[in-house]
Each structure stands twice: as structure tokens, then as C-alpha cells.
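Chains as they are written, first to last, in this note's numbering: chain A, 457 to 855; chain B, 457 to 855; chain C, 457 to 855.
Rather than coming from a laboratory, the hints here were simulated on the basis of the structure. The structure presented is a predicted model; accordingly, all values stated were derived computationally and were not measured. Any given hint could be a false lead.
Same chains, same label: a pair holds when it works inside one copy or across any pair of copies.
Taking lysine-lysine and the DSS-like style, the derived pairs with C-alpha atoms no more than 30 Å apart in a straight line are [to be verified]: (1) Lys778 with Lys644; (2) Lys506 with Lys481; (3) Lys539 with Lys588; (4) Lys482 with Lys506; (5) Lys833 with Lys539; (6) Lys524 with Lys588; (7) Lys506 with Lys794; (8) Lys482 with Lys778; (9) Lys794 with Lys672; (10) Lys778 with Lys672.
The residues making up each chain are set out below.
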Amino acid sequence: MSLSRKVCDALFDYQTLKIVNIGDKKIGLLHRIIQLLILGYILGFVIIFKRGYQQFSTYNSVTTAKVKGVVSTLDYRDEDFVKSVAYPAAYRRIWDVSDLVVPPSEPDAFFVTTNLIITEQVTARCPEELMKDSTCESDSDCEDGRTLLLGHGSQTGSCVAADHPTAHQGVCEIRGWCPVEYDEGPLKGNQALLSGVQNFTVLLKNYIEFPTFRLKLRNIADSQNRSYLQTCVYNPDTHPHCPKFRLGDIINATGHTFNSIAAKGGVVHIVITWNCNFDRHIRYCVPRYDFSRIDDSRAQLGRGWNFRHSHYHNATQRTLFKAYGITFRVAVSARGGKLNLLPLAINIGSGLGLLAVAKVVCDFVVLYCHSNRELYKQHKVRFVEKGGRKRRATISITV
Amino acid sequence: MSLSRKVCDALFDYQTLKIVNIGDKKIGLLHRIIQLLILGYILGFVIIFKRGYQQFSTYNSVTTAKVKGVVSTLDYRDEDFVKSVAYPAAYRRIWDVSDLVVPPSEPDAFFVTTNLIITEQVTARCPEELMKDSTCESDSDCEDGRTLLLGHGSQTGSCVAADHPTAHQGVCEIRGWCPVEYDEGPLKGNQALLSGVQNFTVLLKNYIEFPTFRLKLRNIADSQNRSYLQTCVYNPDTHPHCPKFRLGDIINATGHTFNSIAAKGGVVHIVITWNCNFDRHIRYCVPRYDFSRIDDSRAQLGRGWNFRHSHYHNATQRTLFKAYGITFRVAVSARGGKLNLLPLAINIGSGLGLLAVAKVVCDFVVLYCHSNRELYKQHKVRFVEKGGRKRRATISITV
Amino acid sequence: MSLSRKVCDALFDYQTLKIVNIGDKKIGLLHRIIQLLILGYILGFVIIFKRGYQQFSTYNSVTTAKVKGVVSTLDYRDEDFVKSVAYPAAYRRIWDVSDLVVPPSEPDAFFVTTNLIITEQVTARCPEELMKDSTCESDSDCEDGRTLLLGHGSQTGSCVAADHPTAHQGVCEIRGWCPVEYDEGPLKGNQALLSGVQNFTVLLKNYIEFPTFRLKLRNIADSQNRSYLQTCVYNPDTHPHCPKFRLGDIINATGHTFNSIAAKGGVVHIVITWNCNFDRHIRYCVPRYDFSRIDDSRAQLGRGWNFRHSHYHNATQRTLFKAYGITFRVAVSARGGKLNLLPLAINIGSGLGLLAVAKVVCDFVVLYCHSNRELYKQHKVRFVEKGGRKRRATISITV
């Protein structure tokens with residue numbers, strides 16, 4: 457043969473695998489059952505359930521939150537407060553969103569105050585908070601210029617009477633923001649001052665973009681009319697697509713009561729899930745909302761959630777707020793796919809590869825477990841030794 | 457044979473597959489074409505286009521934004537304003553970054569005010585905003601202590617004249633922050649008070665870390681000199697690597713005009729894309745910037761973006777700002793890879809698996825479609841029955 | 457044969473591949489070595505190291521940060537300050553968390569001020585900052601109403617003396633917030649005013665949820681008792697599970713010193729890594745903390761991190777703060793898996809597919825490199841021509 461003929465043969469002869477057809481229906485059935493299981497997994501799970509015939513897009517998402525509502529604490533009486541003499545006037549007023557949402561805007565999150573401790577402070581000298589390291593019996597226990605890590609200022613060196621109704625110990629005097637905060641909620645018992653914020657509503661505007669398909673979607677459907685959107689309130693059963701949520705409903709959906717979370721604050725997760733099949737009409741692509749309280753209500757350290765912020769009136773005067781409240785964090789989880797032949801081919805190709813597993817199992821049965829294994833082995837395997845001679849065991853095989 | 461010999465044979469004999477070489481050039485060609493398609497996909501798409509020969513790293517990224525600029529509204533005249541009698545003085549001043557960027561720092565985001573409604577408020581009694589549930593004809597329509605959800609305070613029980621230039625209805629009086637906000641932009645028409653912020657610049661400092669390769673990168677190239685960086689402004693064509701952006705340019709790049717977004721606010725996405733091949737010199741690893749307006753300019757509910765924040769002068773006096781503006785959110789999308797033999801081997805291995813698909817197709821042709829299918833079947837398949845006898849159909853096959 | 461018999465045969469005959477057993481120990485050994493490498497990769501790397509026998513869950517995570525501490529700058533003397541005449545009184549006071557953490561709450565992040573420039577401002581007329589475009593020799597160099605982009609207000613048209621100790625040039629007068637900020641840290645040298653914040657502590661509460669397994673975890677172990685948690689401070693060696701961190705320790709763990717970062721600010725990444733095997737007891741599922749300074753300490757443009765915020769005392773009076781400080785961003789990286797037969801089967805199946813690579817390599821050796829290649833080729837390959845005749849080269853093969 458010429459070289460070109462040889463190359464042509466090597467390139468364009470079709471080399472297929474020699475097959476031994478074993479007419480044993482039991483093994484055939486086993487083979488088909490395993491194949492069916494694998495095919496069921498590939499077709500049912502990978503292709504259909506996981507939508508393996510689709511190409512999926514990455515996504516970008518942004519959520520803005522607009523809280524609305526007003527709550528009045530004018531009705532509280534002196535006997536409702538723990539310290540009726542202190543600042544009950546400061547606690548008796550009208551609170552609106554600008555007072556209670558701090559900071560006024562956060563990316564994909566919002567905080568609403570549910571309980572408050574207000575302290576009007578000036579830079580001055582006053583007794584330190586009563587705590588382990590601040591007590592003293594005489595001035596010699598206090599050191600001028602010393603600052604306790606958990607204290608509130610720099611010690612003056614004087615020992616003065618503690619500013620606490622039940623304590624009669626001495627504490628070191630400090631320079632700093634005075635008076636120091638008296639760390640107890642304004643209301644008696646485990647009540648929240650602003651439990652009325654459960655009636656506040658929040659409008660969540662969630663924008664999502666699937667760059668691969670050049671699609672932009674919102675959680676506010678175009679088909680909903682303006683007046684519906686202005687008056688509706690989300691309800692998982694009756695109004696599942698309304699983007700306005702009552703805060704109390706959100707907390708209830710987490711399995712907690714608003715009053716149990718309001719006194720000490722907490723952290724709530726709002727998960728917006730987009731599970732979209734862009735082979736169907738886009739109006740079926742609507743988000744689902746899930747709510748869960750993510751902080752532990754039985755934590756031993758730092759239960760709930762609070763932080764301090766201040767209104768500064770001038771360089772030496774401020775109103776300090778210890779704000780307990782609920783931090784809502786909005787997370788988006790999305791999956792949007794469209795029919796695409798490439799992932800379909802890949803998934804089918806990988807699936808065909810998996811089918812080889814059926815042969816591996818059946819071959820094992822045929823060669824090692826079957827009563828006719830010697831016969832099948834003779835037909836399936838041809839033995840060749842180096843040097844061309846055949847092994848004895850193989851003589852009977854060759855026909 | 458001894459047992460050890462048998463074990464040795466079982467372990468170290470090489471079992472290869474018997475091949476039937478079919479000298480049919482058409483099937484051979486079909487086989488090669490399918491193989492070439494699969495190889496093209498593996499080599500061209502998986503290995504080269506998707507860089508299947510590389511190991512990719514996860515990444516952490518942080519972006520900080522520093523806005524610069526100052527805008528003057530001193531030139532506005534009384535006739536420019538909707539309510540010239542109200543607070544035009546408050547609107548005529550110099551606005552700098554500290555006035556307009558609220559909150560002053562946000563993680564991977566920044567907000568710039570473009571339009572404002574300013575209301576000086578004190579805690580007092582005043583007429584409620586004119587809305588559906590607040591109108592009244594006599595004091596009996598108002599209930600002492602009632603708080604409307606979308607209202608601004610707690611009703612006193614009195615019915616008073618509405619504080620609205622065109623309305624002559626009565627509304628319930630409230631206790632709360634007074635006067636209530638008159639919800640209309642300061643300027644006549646659909647103009648934004650602070651349209652000058654389109655000349656503001658923002659310096660985006662984007663830090664990215666690829667932990668697998670222990671690499672840290674920034675969007676500010678070391679090779680750029682200091683004076684260039686201080687004076688440059690990003691332009692996709694002439695200055696694509698300058699990290700300083702004019703806000704008006706960003707809005708224009710989204711396909712909108714600044715004036716159309718400034719009056720009611722909006723949400724803009726800045727996507728920084730790092731597509732890095734660490735097998736090349738690191739100086740080729742530079743980010744790309746993309747901008748898109750993600751809120752819907754034709755939304756029916758809550759179009760644009762605004763929120764309220766206040767400056768508190770003392771416990772009973774505040775300046776309420778309804779701030780319309782643009783929230784910029786910075787997202788980072790990165791892909792950084794380096795040559796690694798393991799993913800290369802895996803991808804080639806999986807690719808070889810896919811090649812089996814070519815054989816499946818050609819075998820189907822050979823056994824069921826080809827005119828010589830009976831001959832090829834005889835040579836390809838050997839039939840074996842239980843009990844060792846061969847089926848009739850197979851007699852002619854065995855040589 | 458009847459049709460039903462034919463269909464039954466086609467469906468339930470078992471077709472296995474004909475194997476040629478080559479009794480050559482060298483090739484057998486090569487085959488086994490390659491198989492062992494692939495098996496080692498699958499079992500060792502995919503199944504065991506990467507836990508390929510487990511199903512992994514997505515996760516949601518939220519982190520809150522609570523900073524504690526107080527720092528005093530009362531000890532600074534006039535000679536410590538750059539401008540002793542200016543506002544040393546404003547710099548000499550007690551600073552607490554409410555003064556230094558701005559904004560008071562950020563999602564998965566917190567900022568702590570380490571250095572400050574304070575400027576008391578009113579809306580008035582004053583000389584512009586001394587910079588390239590603001591200098592003038594006479595009023596004709598200034599234009600009434602002109603606003604420089606990097607300037608601080610709207611020019612009045614007058615040329616006045618610059619307000620800078622070393623400069624004797626004229627600058628244009630502006631209307632705006634006056635006086636303009638003098639951009640130099642308060643302390644002499646490269647010192648930070650508030651270097652004492654390195655003793656502040658931050659309590660990081662990290663909540664993580666694995667929805668697939670309906671598991672919620674915290675970084676605060678239930679087994680730790682309350683008093684331990686209140687007094688402990690994180691240390692990678694002695695207290696690796698304490699959720700309270702000293703800021704100075706965090707900076708030291710990044711390989712920098714607090715004093716080097718405090719003067720100009722910086723950006724620090726806190727990565728919380730959960731690597732959990734839910735087949736073991738959940739108490740082994742504890743997070744690891746890693747810290748890295750992500751901004752470049754040698755950057756040419758905008759080194760460090762600062763921003764401006766203000767306290768507004770009334771409409772025409774404010775205190776402007778240029779706050780240098782450290783922005784801490786908390787990122788969570790999690791991996792939680794549980795035994796699941798499906799991923800195990802998939803990984804084993806794909807692994808078996810990879811084993812085919814061993815055969816490809818050995819077949820190449822057998823057919824093209826081995827000294828007995830002609831013999832092996834005769835036994836391995838059967839040649840069939842169209843029309844049923846066999847090629848010459850194949851005559852000796854058929855037995």
C-alpha cells in the first residue's frame with residue numbers, strides 16, 4: 457500500500473468496538489434497570505428538574521426600602537416609665553420615619569427603632585457608671601487621667617456618690633459626656649416604647665438584571681394598577697405580589713411576635729427568590745418573599761441588636777440615643793434560564809458517559825458472579841501472550 | 457497455574473478493547489466530522505475561550521467612593537420657585553459634599569442628592585396633610601389620639617383649615633412635627649434644584665484580592681503618575697483607566713440624561729469587571745467599567761428614589777429634608793486564572809469522554825442505516841447464548 | 457424468529473465489549489499506574505479532600521458589629537498641635553463610640569475614626585482655599601458667580617488675602633461655608649489624634665444559615681459561659697473562638713502597625729470562614745477569622761481613607777469633620793456539607809469516565825510504540841472492507 461493510502465485508511469476508516477451479545481435475559485434486564493435509573497437521573501433530575509437544557513445567567517440586584525408610618529407615645533403616663541422623674545417628656549412625643557430609621561438609607565438593608573434610651577448630655581464632670589472597676593471608697597482609689605475601657609470618660613481623681621437609685625457606693629468622678637447613660641429601657645417590665653412601629657409599612661423595590669439575556673425585571677408587576685399598589689399590603693395568601701409589607705406581618709412570618717423582638721431588637725432576613733424560566737412568558741417570572749429571624753433570641757451575650765447615635769446641638773451638648781430595633785437585611789437569590797443547545801448537549805454527553813457505569817456493574821456480574829461465567833469469559837476475553845503464543849486457558853475460546 | 461500467578465495475571469495483564477476496523481470512508485468521514493465538532497468545542501470553547509487550562513481564584517473586593525464638588529443655588533430667583541413665600545432662602549445657598557452625600561459613607565455604594573424639599577419643623581399642633589382620611593367638616597370627624605398610618609401625628613380632635621394653597625377643605629389638627637411637609641419640589645416644572653451635581657466627580661478606589669494566588673490589585677495602576685491621576689476624568693475611549701468619574705458622564709453612559717433622573721432620583725449600577733489572565737504580565741489586568749440605570753423610569757409606584765433625613769437642632773426643632781437623588785451601587789465581577797495542570801487534565805479527560813458520543817452516532821448508522829449493515833453487524837457483534845450454543849443468526853459471522 | 461422474540465432479544469440481550477487480554481506485564485503495570493493516579497485524584501482529591509461524598513448548602517449570613525471604648529485627648533498640650541491658636545479646645549475632650557463610629561450602623565461593615573480635622577463653619581464670605589485656580593492679583597481675576605469644581609463656594613468677584621500661614625498671595629473671595637477647611641491633621645508630624653482607639657473592642661455577631669439543612673449557627677458557641685464571653689478578647693492562639701476583638705490586634709494581624717494606619721486611615725477586610733462537616737458533631741463547626749489590610753499603603757492617589765461629615769447646629773452653622781479612619785468590612789465564606797449518595801454517585805461515575813484516559817494512553821503504546829505492536833494490532837483490530845472481503849493485512853489475524 458502507498459503511504460497516502462495508509463494515511464487515508466488511518467484517518468477515514470471507522471473503528472468501532474467489537475461487541476459480545478450475551479443472550480441472557482436476567483443480565484440484560486439488570487443492565488436495562490441500571491440504565492433506566494441513570495437515564496431517569498439524567499432526564500428527570502438534570503435535564504427537567506434542574507433545567508439542564510437551559511443556559512443560566514448571572515444577575516445583579518439592587519433593593520431599596522422606603523418605610524412609612526408614624527407612632528405616638530403621647531398616651532404614656534408617668535407610672536408607665538421606670539424613671540418618671542428623668543426625661544419622660546423626651547419620651548412623650550410623635551415619632552416619624554425620619555426619627556426612627558437610622559441611618560436614613562442603607563444598601564439592601566434598613567433599620568427601624570423599636571425601643572429607645574434617651575440621655576441629654578453635656579461635656580462636664582459627673583460620676584462614672586457603677587461597675588466593677590469604677591467603685592471607690594476614697595479619692596486615692598481614683599487616678600487622675602485614667603480611662604476605663606468600658607467607662608465613659610477620663611477620671612478626675614475624685615470619689616463621689618454614684619448616680620444610681622439603689623446604690624449607695626462611691627464611684628470615681630469622670631470628665632466626659634455627662635450624665636452617663638442609665639442603661640435601662642424607659643418603660644416598666646420588658647416593654648418596648650415604640651411597639652406601634654409594627655403598623656409601619658415598608659415598600660421594597662427590588663430591581664434585578666440578567667445580563668446574559670439583557671433582561672431587567674422589578675418586583676412590581678406592570679400589570680398591577682396604580683391604585684392597587686398604593687393600597688395593598690403583602691399577604692402570602694391573598695396578596696403575594698404586593699411589594700408593600702407591614703413590619704408586624706414580617707415578624708409574625710418569622711414565627712416570632714413583634715413584642716418579643718421589639719424590646720431588645722433583632723436581625724431579620726428578607727430573602728427575595730426569583731426562579732425564572734424565560735422560555736415561558738415573562739409574566740410568570742415573579743419573586744417569592746421569605747422571612748427569617750436570624751439572630752438568636754436565647755443568646756447569652758449581646759442579645760438583640762442596638763447601637764448608639766447622637767444629635768449634636770453644639771460642640772458641648774448632644775442627645776444620646778441608645779436605639780434598640782430591628783435590622784432588616786434583604787438578600788436576593790435568583791435563577792433565570794433560557795433554552796440553549798450547548799448545555800443540553802453537554803448534559804446529554806455527560807449522561808451518556810455515566811451510562812458506562814451500567815456496563816461496569818454488569819460486566820462484573822458476568823465475569824465473576826454468573827453461573828455461566830467461564831463461558832462468557834471465554835467469549836468476552838481473548839488472551840494474547842507476548843511472542844504470539846496463546847495461554848492454555850484461552851484455547852477453548854477461539855472458535 | 458499457582459494462585460500468585462493468577463493474581464499477578466489479573467493485576468498486570470493489560471485488557472484492551474477489541475476493535476473492528478470498518479474500511480468505509482463515508483462512515484469514517486462522518487466519525488471524524490463529529491469528532492472534530494466535539495474537539496472544537498473542547499479545545500476552542502472549553503480550553504481556550506473559557507480558559508479551561510487555568511485554575512481560577514475566588515476573590516474579595518472592597519470599593520470606596522469619594523465624591524468631590526460644590527454647587528451653588530444662589531442664582532435662583534423668586535420666580536423659579538413653586539412657593540416663593542415659603543423657604544426660598546433655605547434653598548439659596550452653597551451645597552458641598554457634606555451637605556449632599558447622605559449617609560457620608562456607605563459600603564460599596566454612595567448617594568448624591570439632586571433635589572430637595574426642606575421643611576423647618578417644631579413639635580407643635582398644626583393641620584394634617586390634605587389626604588383621603590384627614591378631611592373633616594367638624595370636630596366630630598376627628599378623634600383625639602387617633603394616628604393615621606400615612607399621617608404625620610396624633611389627632612387633637614379639632615377640625616381646622618387645611619394648609620394648602622388650592623384647597624379650602626377642613627382637615628383634622630394633629631400634634632407632631634409641624635408644619636407637615638408640602639410634598640412638591642422647590643422648583644417650577646420638573647426641574648431639579650441641584651442639577652449642578654452632574655459636574656461632581658467621584659473617585660472610586662476598588663481593591664481586589666485573589667487569595668489563591670496571593671495577589672492584591674487596585675484599579676489605580678502604579679504606572680500612572682500622580683499628576684495624571686489628579687487631573688484625569690474617566691472617558692471610555694480616551695481615559696478608560698482613570699478612576700475618577702464625572703457623575704453626569706456616568707448617567708449619560710446609562711443612556712439617560714442627568715436632568716431626566718435628577719428631579720425624582722434613581723438607582724444606578726456601576727459594575728467593575730476584572731477579567732485577568734495571570735499567565736500574562738499583570739499590567740494587562742485592568743478593570744472595565746459599565747454603568748446601567750437599574751430602576752424603571754416608567755414605574756407606576758414610587759418612581760425614582762428619595763428618603764427623608766433630618767438635622768436636629770434640639771429636642772423640639774429639626775430641619776426635615778426630603779432628599780431625591782441617585783444611589784450608586786458598585787458591584788464587582790472578577791475572573792482571574794493561572795495555568796494549572798489539574799483543571800487542564802480534568803477538562804481534557806471529560807472531553808475524551810464526550811468523544812464517545814461520536815461512536816454512539818456512527819454505531820447507530822453502521823448497525824441500522826447503512827446498506828451493508830448486516831455485514832458490519834456480523835463482524836461487530838458476536839452472539840453467545842446461555843449453555844454455549846450459538847444462535848442461528850450468528851453462524852455466518854464466526855470465521 | 458417472531459417479531460416479539462426479536463424485540464425481546466434487542467431489549468434484554470446484554471451487549472458487552474469484547475476484550476483482548478494482553479499478557480504483557482510492562483503495559484499492564486503502566487495501565488495500573490495511570491489508573492492509580494486517576495483513582496488517587498478521584499478518591500483522594502475529589503471524594504475525600506473536596507468532600508465529594510457530600511451535598512453542599514448555599515448560605516445566608518449577616519454580621520453585626522458593636523464597638524466599645526472611650527478615648528481621651530485631654531492630655532494633649534498646645535505644643536502638640538499644628539495650629540495651637542485655631543481650635544485646640546475642640547480637639548481636647550472625651551470621645552466615645554457615638555462620636556467616632558460614623559454612620560452608627562452599616563451592614564456587614566463599621567468605620568472607626570482615628571484622626572480628625574474639625575472646622576466650625578457658618579454660611580458667609582471668606583477667602584477660597586489656596587490652590588491652582590483660586591489665586592488672583594486683582595478683582596478682575598475673580599468672576600462673580602463662578603464655582604470651581606474643587607472649590608468651596610461661589611466667587612464674589614473680590615480678590616482677598618489668603619487665609620494660610622505661609623502664603624502671601626491673593627485668592628478669590630467666595631460665598632459658602634466659611635472658613636474653608638485647612639487640610640492638615642491637628643497633630644504635629646504624622647500622628648493620629650485618636651491613636652487610643654486601638655484599645656477599643658468590637659463584638660462581631662455573625663449569624664449564618666444553611667437553608668438546605670435547615671441549620672442556623674452563630675459565631676458565639678452555646679457552650680461558652682456568659683462571664684467568659686464578657687471578659688474574653690480574641691487571640692488566634694489562646695482565645696480563637698472569642699467574638700470580641702481589640703482593634704489594635706486586628707491591625708497587627710494584618711502585618712501593619714496601628715500608628716501607621718491611624719493617621720491617614722485605611723480599609724481592612726475581616727474574613728469569617730466557616731468550613732463545616734455536618735456529618736460530625738456540630739460543635740466542631742466553628743468559624744476562623746482572617747484579617748488583611750486591603751488598601752495600598754503606598755498608593756499615589758488618595759492614600760488611606762477619609763470622608764467628611766457634619767453636625768448641623770442650625771441652617772447657617774455647622775461643625776465639619778474630616779474623619780480619617782479605618783473601614784472594616786466583614787466578608788463571610790462558608791462551606792457546609794452533609795453525606796448524600798447522589799453527589800457521591802456522580803463523582804464516582806465521572807471518575808470512572810476519567811479512567812478511560814488510562815486505556816487511551818496504553819492503547820497508543822500498544823499499537824504504535826511497543827516492539828510487539830504488529831502482533832497486538834493483529835489481535836486487537838479486525839479489519840472489514842465494504843463488500844465483505846478482508847484486507848490482506850488482516851488475514852493473519854483471524855483465527
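Hints versus structure:
Only within a single protomer do Lys778 and Lys644 lie at most 30 Å apart by alpha-carbon distance; the minimum there is 17 Å, versus 36 Å between protomers. In this assembly of identical chains, the alpha carbons of Lys506 and Lys481 never lie at most 30 Å apart, being 34 Å within a copy and 40 Å across copies at closest. For a Cα distance limit of 30 Å, the shortest separation of Lys539 from Lys588 inside one copy, 23 Å, qualifies, whereas the shortest one across copies, 40 Å, does not. Taking the closest pair of Cα atoms, Lys482 and Lys506 never come within 30 Å of each other, the shortest separation being 33 Å inside a single copy and 38 Å across copies.
When the C-alpha separation of Lys833 and Lys539 is checked against a cutoff of 30 Å, the pair qualifies neither within a copy, at 94 Å, nor between copies, at 98 Å. Taking CA atoms no more than 30 Å apart as the test, Lys524 paired with Lys588 passes between copies only; the shortest distance there is 16 Å, against 43 Å inside one copy. For the identical chains of this complex, Lys506 and Lys794 are neighbours both inside a copy (12 Å) and across copies (20 Å), given an alpha-carbon limit of 30 Å. Taking identical chains as interchangeable, the C-alpha atoms of Lys482 and Lys778 are never at most 30 Å apart, the minima being 76 Å within one chain and 79 Å between chains.
Proximity of Lys794 and Lys672 under a CA criterion of 30 Å is satisfied intra-copy only: 15 Å inside one chain copy versus 34 Å between copies. Proximity of Lys778 to Lys672 under the C-alpha cut-off of 30 Å is restricted to the inter-copy arrangement: shortest distance 28 Å between copies versus 41 Å within a copy.
Of the numbered hints listed earlier, those contradicted by the structure are 2, 4, 5, 8.
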